[in-house]
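What follows is the residue order along each chain.
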Amino acid sequence: MSLFELFQYVTIALYLAGTTFFFIGSLKSNKLLGKLGNLSAIGGFALHTLDLLLAVTLYRGTVLSGGYFYFSLLGWSFILVYFGLWWKLRSTFFALTASPLALLLFLVSLASQGLKVTLPTHLAGLFIGLHIGTIFVSIALMAMAAGAGVAFLYLNNKIKTKANLTGMEKEMPSLNTFDNVNHWSIIIGFPLYTLSLASGFLWARAAFSKMFSWDPKEIVTLVVWFLFAFVFHQRIMVGWRGKKPAIMVIIVFVITMISLWGINFFVPTHHSFKA
Amino acid sequence: MDHNIYLIGLNHRSAGVDVRERYALTNVEEFEDGLLEFGVREVMALSTCNRVEILVVCSPGITQTNILEYWAKRCCGSVSELEPNTYCHESLNAVKHLFRVACSLDSMIVGEPQILGQLKDSYRKAVDAGAARVIINRMLHKAFFVAKRVRTETSIASSAVSISYAAVELAKKIFGELQGQRAMLVGAGEMAELAATHLLNSGVEKISIANRTYSRAEGLAECMGGSAVPFENLYDHLVDADIIISSTGAHHAVISAKEMKKVIKKRKFRPMFFIDIAVPRDIDPDVNGLDNVYLYDIDDLKDVVEENKSQREDEAVKANSIVEFETLSFGNWINSLDLQPTIVDLFNRSESVAQQELAKTLKRLGEVDAKTHKALETMAMSIGKKLLHEPVAFLKRRTEEEGKADEFVDLARRMFNLDNETIPADAHCGRKKNSNPEN
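Taken in order, these protein sequences are the chains called R and W. The working numbering puts the first residue of the first sequence at 1, with every later residue one more than the last. The working numbering puts the first residue of the second sequence at 1001, with every later residue one more than the last.
Please note: incorrect hints may appear among the correct ones.
To be verified - Covered, in the sense of this in silico footprint (three residues per stretch, anywhere, with C-beta under 8 Å from a C-beta of chain W), are these stretches of chain R: (1) 140 to 147; (2) 161 to 171; (3) 239 to 251.
Derived by calculation from the structure, the hints in this document are not laboratory data. Computed from a predicted model, the values in this text were never measured in an experiment. C-beta atoms are modelled at their ideal positions from N, C-alpha and C, and glycine is treated no differently.
Using the sequences provided together with the hints, build the complete structure.
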């Protein structure tokens, strides 16, 4: 077993331990398990970062054309955004979204070692960095907002129907906290998503000599952008709060995931993964 | 054992409020002094609005009737009136009852923590008066330990069991921290005032009061440090309120869903929490259907409280088994207060320490012949026994001469930790401040 592989196995073990601690900690309302979950996630994240740095350093020429790199980076972004939320809110609740998704994406990245991404020969340095970096952080923010949205809808329904709050429900953050997570994820996530699209189009112009080529990925991404723009506008200008933005962000996130798993794998596009 | 433990008392279940009032102890210290002069060895009295309890440790010559007579006399009453309203627990049943009281298992609302504070106050007074000695000291320390264990190991006190507390808990679930939130009273009933006080104590920043009689709103606003607003402009002021407690005497709804739709829009959909404690209700139930508006009426809150109460009852079953276990453990300690078991325990402890040290020494020496082994063993045992000779002789002498068996035996047990207790880090905090030694 190479050092590279050892890193990966330990990362999986730490993410798995973290996910387990977070779930059991939430179910049993046990703060100690939450702390252990954080420690595991920090350990996993450190090794994951090292793994990505090694991949970029050792395989500089080929890393961008491998499916492994993209899935791994997306999983890493989830944990990064979770740490941001934890630092701000001191709540491990949002790890329930970030931790399993990061674990899943890291596992998928290992299973995607053989996948190749068709890349244009013209990489246009700055644009690819901006495009990939911003899209992944904005997807991670979208995921956090969607997770907070699901929790908001659940707790909102419980309070509206006057059901008694028991066990885990008592320990859940307040409706206001979930709404704040939705708010900040949209406020930060939408400009990042827009920047990602802009840099993507500029890159396409450099690579294919045209900004928009009616590629299925481009069409779905634009649909997501319009929905994202709508909810961004409604939050900022109209003052939407609570249920409506929660539902909207869940829809946006689901379409993004369909686009990632459906279009990249099964539809001919210049973003496709090929074995 | 030449002492009896009695716990004689009355509470909200055994006596009506008139009897509880008549036999309440206005001066607990004097009452305890009187009982000590009467011949009891130790006493601690607890007197609250719901219960009066007298815990005594006395020689077999004193009976429960003697205590009742003394109590009745102090309160200018009669035994014939007092006796049918009281209960009396003896020995371990008294211990168990005290533990149950400390854990709030005997309270009107199971799990409410106030009684523990009252018990601590009574105990402090008894210590200051020199009325609590070895057995009551130990019993009360154990009671506090049991109460802490019950609170840690069960969720007996984790849910709201009063209407106003339930309202505050719900508000926290909606808004998170209540700091910075604004509350409004519509109408000014007593219960609304109580709920508003709870909210203010939980951090609500500002309170406004709307009442049909403006002067009443002004008076209440002055009391609560808030501001009065005209009832006619209610909807204008609702735009600024996050938590609204309504309790007017109106016969129809004073807040309609249609108007609230406009209010919530003006508020840019910031959440609102309505607590309607009026009967008939003040707020149109359709208000709850609006996004970001939460409406609870008195029945909804009662349901939450009742469900929490039934959860507490379930937790009380767990708490009772903890009490049973700790009562038995206390019983073992009481039994060990006779001199003979303590001497046996001392020698057992000495033998076990000697054996442990012998084993360590032999391990360090490696292979030794049987003769050396035997010699070392004899030496270790002898040192242990000889070291105990003087303390044991001292114990026998003191207990025979001065009749202070409990005190010295307890001291010896604690010095040698014969009951294998874990001593908490803060066990002796405050001892320096208190000039009265516990023992």
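Going through the hints against the structure:
1. Counting residues of the segment 140 to 147 of chain R whose C-beta sits closer than 8 Å to any C-beta of chain W gives 0, which falls short of three, so the coverage hint is violated.
2. Only residues whose beta carbon comes within less than 8 Å of a beta carbon in chain W count, and the segment 161 to 171 of chain R has 5; three or more means the coverage holds.
3. A count of 6 residues in the segment 239 to 251 of chain R with a Cβ less than 8 Å from any Cβ of chain W is obtained; the coverage claim is therefore met, three being the minimum.
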